[in-house]
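Engineer: Sequence:
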Amino acid sequence: MQQTSSFSEHQTGSLYLVPTPIGNLDDMTFRAIKTLKEVDLIAAEDTRHTQQLLNHFEISTRQISFHEHNTEQRVPELIKKLKDGLSIAQCSDAGMPSISDPGKELVAAAVKEGIPVIPLPGANAGLTALIASGLVPQPFYFFGFLDRKHQQQVNALEELKSRKETMIFYEAPHRLKKTLATMAEVFGAQRQVVLARELTKRYEEFTRGTLAEILDWYASHQARGEFVIIVAGNDHPAEEEKKTSQLPLAEQVDQAILTGLSTNAAIKLVAKQNHIKRQELYKQYHQL
1 MQQTSSFSEH
11 QTGSLYLVPT
21 PIGNLDDMTF
31 RAIKTLKEVD
41 LIAAEDTRHT
51 QQLLNHFEIS
61 TRQISFHEHN
71 TEQRVPELIK
81 KLKDGLSIAQ
91 CSDAGMPSIS
101 DPGKELVAAA
111 VKEGIPVIPL
121 PGANAGLTAL
131 IASGLVPQPF
141 YFFGFLDRKH
151 QQQVNALEEL
161 KSRKETMIFY
171 EAPHRLKKTL
181 ATMAEVFGAQ
191 RQVVLARELT
201 KRYEEFTRGT
211 LAEILDWYAS
221 HQARGEFVII
231 VAGNDHPAEE
241 EKKTSQLPLA
251 EQVDQAILTG
261 LSTNAAIKLV
271 AKQNHIKRQE
281 LYKQYHQL
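Under full-length UniProt numbering, the first residue of the sequence shown is numbered 1, with each subsequent residue one higher.
Treat the hints as calculated values from the structure; they're not laboratory data.
Every residue gets a Cβ at the ideal spot worked out from N, C-alpha and C, and that includes glycine.
Do not take every clue at face value.
Listed below are the simulated DMTMM-like cross-link pairs for lysine to aspartate or glutamate, each with C-alpha atoms no more than 25 Å apart in a straight line [said to hold, decoys possible]:
(1) Lys-83 with Glu-45
(2) Lys-178 with Glu-205
(3) Lys-268 with Glu-251
(4) Lys-80 with Glu-9
Simulated restraints, written as ranges between beta carbons of each label pair [as the list claims (entries may be wrong)]:
(5) Asn-55 with Ile-257: 40 to 46 Å
(6) Asn-55 with Ser-8: 29 to 35 Å
(7) Gln-11 with Glu-38: 15 to 21 Å
(8) Arg-31 with Ser-262: 49 to 55 Å
(9) Ser-65 with Glu-204: 17 to 23 Å
(10) Gln-222 with Met-1: 50 to 56 Å
(11) Ser-65 with Gly-114: 38 to 44 Å
(12) Glu-9 with Ile-131: 43 to 49 Å
(13) Gln-222 with Glu-38: 25 to 31 Å
Please put together the full structure from these sequences, using the hints given.
Structural biologist: Shown next as structure tokens:
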């Protein structure tokens with residue numbers, strides 16, 4: 001068992017986890033600014049990006065880079081500085097450290113050494129999108145970024161398709177359409193979804209509808225900006241699976257097509273759901 005008190009005196013320094021704005025600089029808290037001014041060192045995901053923030057708030061604290069590519073080198077170095085009594089603020093480019101950003105390795109190492117870890121509240125894209133989505137806000141399931149490869153996405157989404165919680169994903173604009181198509185393939189094209197784009201920025205926008213409707217819209221529009229994808233949970237997973245499995249295979253394919261999938265995508269989905277080879281179902285469906 002371990003217990004640390006954040007604000008009592010310690011022989012070591014403290015590690016402060018400082019959220020930064022996800023777009024609008026006015027979302028920086030007074031406490032975050034004060035902390036960044038008072039610590040001895042700032043461990044930043046991208047020092048150039050963070051320097052812009054520091055300049056805006058007239059913060060002169062020294063920085064050191066800490067990102068996914070130098071974690072192995074930096075963690076022992078930063079832990080030593082903390083043990084020597086230095087206070088360090090860790091921040092990512094936007095939002096909260098460790099949430100789809102660097103940070104967790106340093107936190108784990110600090111906890112292991114009994115070094116106080118002090119989190120500051122602040123901006124988070126997932127929760128910001130969730131509370132404005134119009135979908136059930138709790139319980140929710142945060143996933144973050146899916147794998148870039150299609151089959152890995154399918155595997156992950158298959159494990160999530162029966163969850164009743166509202167689900168939160170992040171996605172880059174150039175991968176958005178493919179990710180939405182994979183979600184339609186696994187979740188069904190009638191699943192409700194909300195896209196939150198450019199949160200807190202000038203072009204903040206929410207798009208609400210079924211996966212089929214949103215895919216249709218983006219077929220003729222370009223995706224720009226960073227996205228949070230909020231997906232409605234499955235209200236009746238057991239009933240849906242039972243109802244679908246009782247239908248003949250050809251009817252299951254027809255039903256999948258009605259949700260907006262192409263014939264080939266529908267055949268692939270139904271074959272996977274029924275644990276049969278796609279080629280066999282293709283021949284059966286087309287009566288070859």
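Engineer: With reference to the structure, classify each hint as holding or not holding.
Structural biologist: Against the structure, the hints come out as follows:
Between Lys-83 and Glu-45 the alpha-carbon distance is near 22 Å, which keeps this suggested pair within the 25 Å criterion. A distance of roughly 20 Å separates the Cα atoms of Lys-178 and Glu-205; the hinted pair therefore holds under the 25 Å criterion. Distance check on the hinted pair: Lys-268 and Glu-251 sit about 14 Å apart at the alpha-carbon level, within 25 Å; holds. Between Lys-80 and Glu-9 the alpha-carbon distance is near 18 Å, which keeps this suggested pair within the 25 Å criterion.
A C-beta distance of roughly 55 Å is found between Asn-55 and Ile-257, which places it outside the suggested range of 40 to 46 Å. For Asn-55 and Ser-8, the hinted distance range of 29 to 35 Å is satisfied, since their beta carbons lie about 34 Å from each other. For Gln-11 and Glu-38, the hinted distance range of 15 to 21 Å is satisfied, since their beta carbons lie about 19 Å from each other. Separation of Arg-31 from Ser-262 is about 52 Å and conforms to the stated range, judged on CB atoms against 49 to 55 Å.
At roughly 30 Å, the beta carbons of Ser-65 and Glu-204 sit outside the given window of 17 to 23 Å. Under the hint 50 to 56 Å, the C-beta atoms of Gln-222 and Met-1, about 54 Å apart, fit the expected range. Between Ser-65 and Gly-114, the C-beta spacing of about 26 Å breaks the proposed range 38 to 44 Å. Between Glu-9 and Ile-131 the C-beta distance comes to about 38 Å, which lies outside the given range of 43 to 49 Å.
At roughly 44 Å, the beta carbons of Gln-222 and Glu-38 sit outside the given window of 25 to 31 Å.
Checked against the numbered hints given earlier, the structure breaks hints 5, 9, 11, 12 and 13 and satisfies all the rest.
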